[in-house]
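Asker: Knowing the structure of chain A, use the given hints to seat chain B on it.
Heads up: the protein sequence lines correspond to chains A and B, in order. In terms of the UniProt record's numbering, the numbers along the first sequence are unbroken and rise by one, the last being 289. In terms of the UniProt record's numbering, the numbers along the second sequence are unbroken and rise by one, the last being 289.
Think of the hints as simulated: they come from the structure by calculation, not from any bench. Each hint should be verified, as a subset may be incorrect.
Since copy identity is lost for identical chains, a pair holds within one copy or between any two.
[Stated by the list, open to error] No more than 35 Å apart at the CA atoms, straight line, and that leaves these computed lysine-lysine pairs for DSBU-like:
1. 197 x 228
2. 33 x 119
3. 228 x 94
4. 172 x 33
5. 36 x 208
6. 208 x 119
7. 119 x 197
8. 172 x 94
9. 33 x 94
10. 37 x 208
11. 97 x 208
12. 142 x 33
13. 235 x 36
14. 142 x 208
15. 142 x 228
16. 228 x 119
Number of protein chains: 2
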Amino acid sequence: QSRGAEHREKGVKSDHEKQYVGFATLPNQVHRKSVKKGFDFTLMVAGESGLGKSTLVNSLFLTDLYKDRKLLNAEERINQTVEIVKHTVDIEEKGVKLKLTIVDTPGFGDAVNNTECWKPITDYIDQQFEQYFRDESGLNRKNIQDNRVHCCLYFISPFGHGLRPVDVEFMKALHEKVNIVPLIAKADCLIPSEIRKLKERIREEIDKFGIKVYQFPECDSDEDEEFKQQDRELKESAPFAVIGSNTVVEAKGQRVRGRLYPWGIVEGKCSAQEWQPGGTGPGRTAGLW
Amino acid sequence: QSRGAEHREKGVKSDHEKQYVGFATLPNQVHRKSVKKGFDFTLMVAGESGLGKSTLVNSLFLTDLYKDRKLLNAEERINQTVEIVKHTVDIEEKGVKLKLTIVDTPGFGDAVNNTECWKPITDYIDQQFEQYFRDESGLNRKNIQDNRVHCCLYFISPFGHGLRPVDVEFMKALHEKVNIVPLIAKADCLIPSEIRKLKERIREEIDKFGIKVYQFPECDSDEDEEFKQQDRELKESAPFAVIGSNTVVEAKGQRVRGRLYPWGIVEGKCSAQEWQPGGTGPGRTAGLW
Chain A
1 QSRGAEHREK GVKSDHEKQY VGFATLPNQV HRKSVKKGFD FTLMVAGESG LGKSTLVNSL
61 FLTDLYKDRK LLNAEERINQ TVEIVKHTVD IEEKGVKLKL TIVDTPGFGD AVNNTECWKP
121 ITDYIDQQFE QYFRDESGLN RKNIQDNRVH CCLYFISPFG HGLRPVDVEF MKALHEKVNI
181 VPLIAKADCL IPSEIRKLKE RIREEIDKFG IKVYQFPECD SDEDEEFKQQ DRELKESAPF
241 AVIGSNTVVE AKGQRVRGRL YPWGIVEGKC SAQEWQPGGT GPGRTAGLW
Chain B
1 QSRGAEHREK GVKSDHEKQY VGFATLPNQV HRKSVKKGFD FTLMVAGESG LGKSTLVNSL
61 FLTDLYKDRK LLNAEERINQ TVEIVKHTVD IEEKGVKLKL TIVDTPGFGD AVNNTECWKP
121 ITDYIDQQFE QYFRDESGLN RKNIQDNRVH CCLYFISPFG HGLRPVDVEF MKALHEKVNI
181 VPLIAKADCL IPSEIRKLKE RIREEIDKFG IKVYQFPECD SDEDEEFKQQ DRELKESAPF
241 AVIGSNTVVE AKGQRVRGRL YPWGIVEGKC SAQEWQPGGT GPGRTAGLW
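Isolated chain A (complex conformation) (with noise of 0.2 Å):
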């Protein structure tokens, strides 16, 4: 998104170089517009408690989404059934609004007997089809709220051998709904070489049982050529592995979003690059690999 803002900003300075028929100006309204109007996303996170999805969404967006959160207790968990909670934020980069809503499942995988436990989320999806099919089959069609799901970011446990037979049921019963992007939570829990193998293995899992994850886009061809490698390095690590962090420790006298182990500190900032099995220091890591 950050590399969209970019190109329009270059179509708008070439706009006022050179003025004509009028045509050239579209993208550029569109982009006020846009700007104007703002962006909806729906992100779903899913996944069994404990695997740090509050803490990885409050770290992508910077924001602290669950403030008024309460941990429930073992006794209340054993009562409690799968929940929909939805926390909407709005959040502005260099005047661009997005207005983001997480949707949590809290409860997920967490009971004794998971059968169907993944019936709440398939049928709120379902919902939400339904309701914008409604609305844009009505009179006014203006102002829709779309609340469909754009991508549910499916947390998998850094212990299981593979997948578990709750992530590969869950995953089948919402791959035709929603783009699911699989990823490996607190992988700092795993050292590089661990972490290959058990991403070679989910990604034989996910063929396996005919899983459809979501596919990133071809990138332009017209793109650069480290930008291809970046798409083509981003694309080969799926399913990404990734930490997440809210608390702020001191690294190298900088001041980062990480985790600090008596061995070390590890960083939680987003970047695709790889890991580097050689590099022991503090600050070498990304949130994201």
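Answerer: Just chain B, lined up with the frame of chain A:
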């Protein structure tokens, strides 16, 4: 146990010095007999797969119990039920033999529906009690094979915000039958403050649900102050946070069992020493704390 051996060795020496009536050699005889016969120890490990049960057992006893283990893939695990698998290994330490039996429970907690997944485990324990009772009631009591489970290490996920419902149900089903030692598995993915918080929460929940975990015996009042202090620290640090490692890495020129992260090395050495939150160098950490 190593302390016990030390005591016995001291006893041997003083018996040689002064030749009295003879009953002073009784402990010596008991010692010799038990050396000859060796000890039996049956340890059960339980907890969902991927929490490092096998790794910890291998690390603890410096052996490789699971040489020919084949990990199941997600497809096989869907149809998997909880099994009971016994591994036996003879270990010798300074001439003292130990017949170690590890009772493993693969498949526990892995299914989508985990209702009563502890049933095969409670059944197994009950069977061993019955078998022993029958043998003890029989005529030939000399060579009774005691297969009763002495201790059960229960692995708790470091990612739960406390105990999960399945943890509570498992421990409640077994706490009257076997000594349960709850462990926080793979604790190297938690920073010190998170470990403290999780330990506190687990202790609270164990209290609240009336779960009876193994209580360490009082140490003898004639032990020296240092040992008493160590004993107190050990008791206070329950439930123990553990890590295990089967690979040897190089730390500060020494070869140790440990985990080599890009940001530092975690040493998997056994010790009850508390974490030093300030210490960021490699090799400052222990396998049990």
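Asker: Taking the hints in turn, state whether each one holds.
Answerer: Against the structure, the hints:
In this assembly of identical chains, the alpha carbons of residue 197 and residue 228 lie at most 35 Å apart only when taken from the same copy (25 Å versus 45 Å across copies). For the homomeric pair residue 33 and residue 119, neither the shortest alpha-carbon distance inside one copy (38 Å) nor that between copies (63 Å) is at most 35 Å. Taking the shortest alpha-carbon separations for residue 228 and residue 94, only the intra-copy value of 26 Å comes in at or below 35 Å, while the best inter-copy value is 62 Å. Proximity of residue 172 and residue 33 under a CA criterion of 35 Å is satisfied in neither setting, with 38 Å inside one chain copy and 61 Å between copies.
In this assembly of identical chains, residue 36 and residue 208 lie within 35 Å of each other by CA distance neither inside one copy nor across copies; the values are 45 Å within and 54 Å between. With identical chains, the CA atoms of residue 208 and residue 119 are at most 35 Å apart both within one copy (23 Å) and between copies (32 Å). Taking CA atoms no more than 35 Å apart as the test, residue 119 paired with residue 197 passes in both settings, with 31 Å inside one copy and 33 Å between copies. In this assembly of identical chains, residue 172 and residue 94 lie within 35 Å of each other by CA distance neither inside one copy nor across copies; the values are 39 Å within and 56 Å between.
In this homomeric assembly, residue 33 and residue 94 come within 35 Å of each other (Cα to Cα) only inside a single copy, at 15 Å, whereas the closest approach across copies is 81 Å. For the identical chains of this complex, residue 37 and residue 208 are neighbours neither inside a copy (43 Å) nor across copies (52 Å), given an alpha-carbon limit of 35 Å. Neither within a single protomer nor between protomers do residue 97 and residue 208 lie at most 35 Å apart by alpha-carbon distance, with minima of 41 Å and 47 Å respectively. For a Cα distance limit of 35 Å, the shortest separation of residue 142 from residue 33 inside one copy, 14 Å, qualifies, whereas the shortest one across copies, 91 Å, does not.
Proximity of residue 235 and residue 36 under a CA criterion of 35 Å is satisfied intra-copy only: 33 Å inside one chain copy versus 62 Å between copies. Taking identical chains as interchangeable, the C-alpha atoms of residue 142 and residue 208 are never at most 35 Å apart, the minima being 44 Å within one chain and 55 Å between chains. Taking the closest pair of Cα atoms, residue 142 and residue 228 never come within 35 Å of each other, the shortest separation being 38 Å inside a single copy and 76 Å across copies. Taking the shortest alpha-carbon separations for residue 228 and residue 119, neither the intra-copy value of 39 Å nor the inter-copy value of 55 Å comes in at or below 35 Å.
Violated hints, in rising order: 2, 4, 5, 8, 10, 11, 14, 15, 16; the structure is consistent with all others.
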